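Trainee: Sequence:
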Amino acid sequence: MQIVTTREFRANQKKYFELAETETVFVTRKNKRPIVINVAEDDYIPKRDLVGELRGALQQVKDHMDGKIKLKSLDELIDEL
Numbered sequence: 001m002q003i004v005t006t007r008e009f010r011a012n013q014k015k016y017f018e019l020a021e022t023e024t025v026f027v028t029r030k031n032k033r034p035i036v037i038n039v040a041e042d043d044y045i046p047k048r049d050l051v052g053e054l055r056g057a058l059q060q061v062k063d064h065m066d067g068k069i070k071l072k073s074l075d076e077l078i079d080e081l
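Our numbering puts the first residue of the sequence shown at 1, with every later residue one more than the last.
Hints listed in this document are in silico derivations from the structure and should not be mistaken for laboratory results.
Since the structure is predicted, the reported quantities are computational estimates derived from the model, not experimental observations.
Check before you lean on any hint, since a few could be wrong.
As the list claims (entries may be wrong) - For lysine to aspartate or glutamate, the following EDC-like pairs were computed, each having C-alpha atoms within a straight-line distance of at most 20 Å:
1) K32 to E8
2) K70 to E80
3) K30 to E8
4) K72 to E53
5) K70 to E53
Whole structure, please, built from the sequences with the hints as guidance.
Mentor: And the structure:
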């Protein structure tokens with residue numbers, strides 16, 4: 001964990017962004033809560049969500065082709081918004 005002032009952070013942004021790859025960096029601010037800079041643990045979470053959504057959409061297409069469900073028209077989808 002590294003704690004720096006806003007002035008130090010502004011002067012050496014590259015240094016602290018690189019440091020945030022390995023540890024958490026706190027940037028202090030006058031009379032405000034500090035800003036925390038760290039790298040996300042798992043960059044693949046959104047991709048996993050997307051895969052689930054795509055599988056669901058593919059299943060809907062298969063169900064439609066098998067006659068199990070009727071797909072909504074464009075107008076019906078817009079009306080839902």
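Trainee: Now look at each hint and say whether the structure bears it out.
Mentor: The hints, checked one at a time:
no. : hint       : result
1   : K32 to E8  : holds (17 Å)
2   : K70 to E80 : holds (16 Å)
3   : K30 to E8  : holds (13 Å)
4   : K72 to E53 : holds (18 Å)
5   : K70 to E53 : holds (19 Å)
The structure shown violates none of the earlier numbered hints.
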